[in-house]
Amino acid sequence: VLNAGGEGKSVYVGNLSYEVAWQDLKDHMRTAGDVVYAEVMTMHDGRSKGCGIVEFSTPEGAAEAIATLNDTDLKGRTIFVREDREQGGGGGGGNSGLREGEGGYVAPGGWHQAGGRGGGRGGGNHGNLSVYVGNLAYETSWQDLKDHMRAAGNVDKADVLKSEDGRSKGCGIVLYQKSHEASRAIRELQNTELNGRPIFVREDREQGGGHGGHGHHNGGGYQNRVHHGVGGGYNQQQQRPGFMPGAPAEEGCQLFVGNLSWETGWRELKDHFRQCGDVDRAEVAEGSDGRKKGFGVIRFHTANDAQSAIDTLNGVEFMGRPLEVRLDNKA
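Residue numbers for the sequence shown follow the numbering used here, so the first one is 4 and each next one is one higher.
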């Protein structure tokens with residue numbers, strides 16, 4: 004809610020205890036001014052999302068709340084209070100010719116776009132506007148993700164990445180309006196809890212046409228008898244299923260990933276490993292009959308990122324199975 008001068012009357016309140024009801028929130032915030040409306044955001048099942056919106060009768064009341072109630076205790080948790088940057092419905096953003104997906108936007112070919120609205124926004128001199136969010140609970144929707152990430156700034160888009168069957172991959176992309184908001188999200192929302200799981204937040208290294216980019220998923224799969232970068236897995240009749248075209252950027256960049264579920268394709272594998280760094284290529288091995296063999300290869304841009312993946316993801320469950328992650332000794 005904005006007044007004629009553009010000053011906001013609403014504030015966003017985060018880190019609420021899940022026991023806090025709208026009346027608790029309203030009573031707490033009334034110390035700063037006359038509260039017209041208080042809302043605790045909830046999920047479909049009625050559970051609190053741990054954040055809310057409070058509207059004051061005057062901009063001065065909102066300003067006073069930010070100045071005096073930030074970092075105060077409410078039912079055992081230290082809340083933060085900031086300007087509601089999405090007042091007036093500004094959270095949707097334009098789609099620049101892209102059709103709306105579930106909280107994200109989709110290019111005409113059906114590919115997920117997250118970094119750059121046609122490859123421009125998010126790169127160049129604009130700074131990094133989007134972040135990658137991992138370890139999401141599978142029931143987390145794009146709206147849940149957006150509401151949680153709004154604690155750091157004005158969210159243009161939030162997208163939970165999904166498999167072809169519509170199931171969540173447990174990760175997502177959040178696009179902010181300003182680069183300093185994305186930086187704040189990385190700094191302040193790392194390891195915060197969303198739907199019962201601690202999330203990790205890092206820079207979206209594929210925005211705006213980086214290595215592969217969301218727009219077309221270039222550099223994803225490789226098929227000997229099909230166009231490069233389109234398919235996943237291996238159609239070659241060969242004994243060395245870990246083969247990848249070209250050489251790694253440096254020694255120690257390429258990893259073997261074993262114990263993959265049969266549903267895991269190269270896109271799912273790549274999206275999962277992006278939490279550890281910049282993935283150049285991802286492959287899932289397939290037999291001559293097209294069936295997956297349950298293992299694959301990941302090539303990172305740097306050896307440090309590859310080692311981080313070993314340290315972070317080896318033995319960790321993905322799509323229902325604990326992964327084996329180690330250096331690819333045949334690279």
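Incorrect hints may appear among the rest.
[To be verified] Lysine to aspartate or glutamate pairs mimicking EDC-like chemistry, simulated, CA-CA at most 20 Å apart: (1) LYS52 - GLU206; (2) LYS165 - GLU58; (3) LYS295 - GLU254; (4) LYS295 - GLU253; (5) LYS295 - GLU327; (6) LYS333 - ASP292; (7) LYS165 - GLU86; (8) LYS333 - GLU206; (9) LYS78 - GLU142; (10) LYS52 - GLU167; (11) LYS296 - GLU254; (12) LYS78 - ASP27; (13) LYS181 - GLU206; (14) LYS295 - GLU142; (15) LYS181 - GLU142; (16) LYS172 - GLU42; (17) LYS52 - ASP27; (18) LYS296 - ASP331; (19) LYS52 - GLU86; (20) LYS181 - GLU86; (21) LYS165 - GLU191; (22) LYS296 - GLU253; (23) LYS296 - ASP314; (24) LYS78 - GLU42.
[Claimed, not checked] Here are the computed distance ranges between Cβ atoms for each label pair: (25) ASP48 - GLU86: 46 to 52 Å; (26) GLY169 - GLY290: 34 to 40 Å; (27) TYR21 - ASN138: 18 to 24 Å; (28) ARG294 - ARG329: 43 to 49 Å; (29) ARG187 - GLU327: 32 to 38 Å; (30) ASN194 - LEU330: 16 to 22 Å.
Hints in this document: simulated from the structure, not taken from any laboratory.
Every residue, glycine too, gets a C-beta built ideally from N, C-alpha and C.
Taking the hints in turn, this is what the structure says about them:
For the hint linking LYS52 to GLU206, the alpha-carbon distance of about 24 Å lies beyond 20 Å, and the restraint is violated. Distance hint between LYS165 and GLU58 is unfulfilled; the C-alpha atoms sit about 35 Å from each other, more than 20 Å. Restraint check for LYS295 and GLU254: not satisfied, since their Cα atoms lie roughly 27 Å apart, outside the 20 Å limit. For the hint pairing LYS295 with GLU253, the CA-to-CA distance comes to about 28 Å; that exceeds 20 Å, so the pair is violated.
Using a Cα cut-off of 20 Å, the hinted pair LYS295 and GLU327 holds, with the two alpha carbons roughly 16 Å apart. Simply put, LYS333 and ASP292 have alpha-carbon atoms about 24 Å apart, too far for the 20 Å limit, and the pair is violated. The straight-line distance between the Cα atoms of LYS165 and GLU86 is roughly 32 Å, outside the 20 Å bound, and the hint therefore fails. Between the alpha carbons of LYS333 and GLU206 the distance comes to roughly 31 Å, so the proposed pair goes past 20 Å and is violated.
For the given pair, LYS78 sits about 27 Å from GLU142 by alpha-carbon distance, which is inconsistent with the 20 Å threshold. Straight-line distance between C-alpha atoms of LYS52 and GLU167 comes to about 28 Å, which puts the hinted pair past the 20 Å bound. Distance check on the hinted pair: LYS296 and GLU254 sit about 26 Å apart at the alpha-carbon level, beyond 20 Å; violated. For the proposed pair LYS78 and ASP27, the alpha carbon gap of about 9 Å is at most 20 Å, so the pair holds.
In summary, the hint linking LYS181 to GLU206 is supported, as the alpha carbons are separated by about 13 Å, within the 20 Å threshold. At roughly 27 Å between alpha-carbon atoms, LYS295 and GLU142 are farther apart than 20 Å, so this suggested pair is violated. Taking the CA atoms of LYS181 and GLU142, the gap is about 28 Å. The hint is violated against a cut of 20 Å. A distance of roughly 30 Å separates the Cα atoms of LYS172 and GLU42; the hinted pair therefore is violated under the 20 Å criterion.
A hinted pair counts as satisfied when its Cα atoms are at most 20 Å apart, and LYS52 with ASP27 qualifies at roughly 15 Å. Taking the CA atoms of LYS296 and ASP331, the gap is near 16 Å; set against the 20 Å cutoff, the hint holds. Simply put, LYS52 and GLU86 have alpha-carbon atoms about 18 Å apart, close enough for the 20 Å limit, and the pair holds. This hinted pair checks out: LYS181 and GLU86 have alpha carbons roughly 15 Å apart, not beyond 20 Å.
Under the criterion of a C-alpha separation no larger than 20 Å, the hint pairing LYS165 with GLU191 is inconsistent with the structure, at around 26 Å. Under the criterion of a C-alpha separation no larger than 20 Å, the hint pairing LYS296 with GLU253 is inconsistent with the structure, at around 27 Å. The suggested pairing of LYS296 with ASP314 is violated, with an alpha-carbon distance near 24 Å, which exceeds 20 Å. A distance of roughly 16 Å separates the Cα atoms of LYS78 and GLU42; the hinted pair therefore holds under the 20 Å criterion.
Under the hint 46 to 52 Å, the C-beta atoms of ASP48 and GLU86, about 29 Å apart, miss the expected range. Separation of GLY169 from GLY290 is about 26 Å and departs from the stated range, judged on CB atoms against 34 to 40 Å. As the Cβ distance of TYR21 to ASN138 is approximately 19 Å, the hint placing it in 18 to 24 Å holds. One distance hint, 43 to 49 Å for the beta-carbon pair ARG294 and ARG329, is violated here, with the actual separation near 24 Å.
Checked against the hint of 32 to 38 Å, the C-beta distance between ARG187 and GLU327 comes to roughly 36 Å, which is consistent with it. Look at ASN194 against LEU330: about 28 Å separates their beta carbons, and that is not inside 16 to 22 Å.
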